[in-house]
Amino acid sequence: MLKKLILAAPLAAMLAVPSVEAAEKIKVGIVLTLTTPASIMGKQMKAAYEVAYDHLGGKMGGKELELIFEDDGLKPNIGKQKTEKLVKKDKVDFLTGYIWSHVLGASAPVALKAGKIFVSANAGHSLYAGKKCHKNFFNAAWENSQNSMAMGTMLNQRGVKNLYILSLNYAAGKQMVAGVERTFKGNVVGKDLVPTSHKDWSAEIAKVKAAKPDGVFVFYPGSWGLAFFTQYKQAGLDKTTPLYSVFSVDGANLPVYQKRKMKHMIGTFNTMFWAPDLDNAVNKRFVADFAKKYKGQIPSHYAAQAYDSLMLIAAGVKAAGGDAKNTDAVRKGMEEADFGSVRGKIKFGKNHFPIQNFYARQVINKNGQWQLSVRQTVVEDHAPVMSNECKL
Amino acid sequence: MNYTLLAEQFFNGFQLGIILFLVAAGLTLIFGIMDLVNLAHGTLYMFGAFFASTLVAVTDSLVLGMILALPVMLAAGLLLEFSILRTLYERNHLDQVLATFGLILFFNELFLIVWGPEGTGINLPPYLTGTITLPGGITVPEYRMVIIASGLLVALLLYVLVSKTRVGMLIRAGASNREMVGALGINIKLLFTLVFGLGAVLAGFAGMIITPITQADSGMGESILILAFVVIVIGGIGSIKGAFIAAILTGLIDTMGRSFIDVALLQIMDTVAAETAGPAISSMMIYILMAIILAIKPSGLFPPKGA
Amino acid sequence: MNLEILKTPRGIYNSLLILLCIFMPWIAPAIGQDFFTDVFGRIMIVAIAAISLNLIMGFGGMISFGHAVFVGIGGYAVGIFASHGIESAYIQWPVGLLMSGLFALIIGAISLRTRGVYFIMITLAFAQMIYFLSVSIEKYGSDDGLTIDARSDFGIPFYDLNDALTMYFTVFVLMVACLLITRKMVNSRFGRVIRAAKSNDERMHTIGYPTYGYKLTAFVIAGMMCGLSGLLSANFEDFVSPDMMFWTFSGELIFIVVLGGMGTIMGPLGGAIIFLLLSEVLSNITNSWHLIFGPFLILVVLFARGGVEGFLAKFEKSPEAKS
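Residue numbers (the working numbering), protein chains in the order written: chain A, 365 to 756; chain B, 14 to 320; chain C, 4 to 326.
These aren't lab readings, by the way, just hints derived from the structure by calculation.
No incorrect hints appear here.
Below, computed lysine-lysine pairings styled on PhoX-like, alpha-carbon distance capped at 20 Å:
1) Lys656(A) - Lys407(A)
2) Lys427(A) - Lys682(A)
3) Lys142(C) - Lys495(A)
4) Lys407(A) - Lys657(A)
5) Lys682(A) - Lys389(A)
6) Lys142(C) - Lys496(A)
Starting from the given sequences, assemble the full structure and let the hints guide the process.
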């Protein structure tokens, strides 16, 4: 069948005379979650892609650029179906977006089999950083456990001896726990992974109180964070035990924390590869233009990753002289990653995951707007631990 | 064994049980009396959470906002009953499941559009944010005490209503023998509307009082709905007493499982295996409980007479 | 089957459904919508699950609200073996079918002791239990699921599921087989007992039929058929995840059966085609498509009793003919 398709392709191209102009365009298919409560991240990412589009002047390698957005509804089978549609119907040249590992796990093979270049703008599926790495697979964000490994290091630096770990009982949640346990040198005095259906931590919070740790490591993204941090304060733990979170306090949900007046979040620490006040010209322009585009908000790291994803693709197309079909040249250009990243500099390992710094960030209240501010660099040039398993 | 922790977890389990009871009580009455499988009962819970959040924000008063929210929930519930659910009474269970599944999809989407993906929430006033220390060093958040107290009060009122009043007598009669109530010349339509309204307010009340703790987001009704189904099936459909006992039992077992199962498993297996099995088993415990009870008593613990 | 059926609206509609499935691999490219072949492959796989649900729900009155769990069990049989490098279909498929049958036996044996609403709820509870279990098992991907690198290998020359057309028609043939099995079963003595038990279980008991055993057998057969849908889904999507057994999918299966026409042989296929095409079309129009879909569901329940098949049957002069 595949052979037939390859043979049929030139034939179809000849027959399809009116689409000459369309073929000149460079099409990028973007799969995000734009429905369900999880759309809080997806909508920021969509806006960031649009900012990147504006910064590129709507062009890539001198050709007109078209972005096609699709919604995965937070379901792997829908994500896959949309990816098939983008590949087969819209005939996109690149695929990017993909917030969730399960959606990526279902969708990436479709794109890779069709010979497309795939850029994950969030999902840090660890298999793709190691055993399953692929020449056409790029990740412009991170591998799942990297950030929590940085957090473990930061906890050592801050002298935390006894740590309580709280996370969600699903794949990413477990990878976060594995990451922090890999680098944290003190004692783990307790650990609870709650099912995703839970929104009441009464039992776990009582255990935390009984264990009396010097710090609590938390992975509760999205609406779990909102509920958990509220209960943390109600139990009086905010006064005794500092919170250290990963992927739970970010630019997408800080405005919500502020709206709900959760003042105890100010001063808490988390780690990330990027912050809105990271000092470089590209970042300043991005943060300013994002606020103009999206409700005056300060972008989150999700938005930053989305911006870099499109810029990464643009760098590849530019290196190939605007010929997006020349996958080898595009890939080579992307590997060199010679573009203005919001991270300042960006470089990729042979598994096509970024090798990057991680920073300690603190929540501050600046000019009446809560935001994340860089405190120090925790680790430099960090690569995913499974990079050696990649046989590229 | 840490007895303070044990006592605190007992308290937490009881509080979860109270919330489950408030949702399950309405569900079991609506099932028992109208023979209506209402999947959208979780939606009524969500109504309570969102309406109260908005009213508390508007009035800037927790008490006032919550009191004002009650009639709004009642109105919303009755509107739903008048417009759609009423036509479902004489339909079979399958039609009811499907139509109310449609209601869930609709309202989840609607609330997502109106309140945004981040949902909404209620901030507690300073006088409720502290903790209380009980004898024995047991500390509990003040607001959780409020939940227990108000939940028990509502349960008591419900008990009085059902067992001491004429309406309650009809409700009890309806739950065990529907035809008989009709034969007595009672306006059955009115009774049904009344029961549905009561159920809507109970579920809404539960959603409202839990919101300061869990916050409100679209889709919050479904996880509680499934738990509430487990509760009424264990308790016996149509039985308020059964719902109460099953709710407290479920709340306690769930909380105790989350608290102690990992420690217990460490006694019999290595750390890695226990860490995998612990959360898995604790999230399945109540379903296992339900399977065991139904395998022994297929109509639940307290099946109403005649059912 | 003879040409007589083409004289009734239902006959024409049913024939159209089958023809659409057969010729979609050529229709889709012709109208410039290649990916519709994939959509139809997926539809037929869902249809198999719906056919199996219809067998117990439509004919036997057993409303299972956890039917999707068997799709998951079948799917994971392929996924788990594939992750250990065992790709032989002769291991994956029998084990997948046996496991779905075994789970159906356990779930059915307990659930069938109850009836009515209790049955709906207990099947839901079992499905939730297995869903949470699959999310907890990190070795097999947890909620990230398992990407399947190689499809089931039948070791037959020129028969390779990796070929899109071969995969498509494997699904088609197996779906038709399930339709035929259903028809055969429903019209057998066994089927008559099941159908009679639906309308009056107690009377069947009194006249000496052990309906529990009959119902349990039907439940196990349906579980295995649904497991087949999972085996196919894993191969078709190259992916399995706990998401495929979430309770909302069980709800969708019920809707598909009702929409198509419960208790009719071809209903589930028609239901699957309409449901999946409609959700595809609506989701392309607006992100908030549930706002339209929810009320549509309610309207179908309130006004379209008997589903599409029931609607078409109204145009037939003679009372319901066997299809």
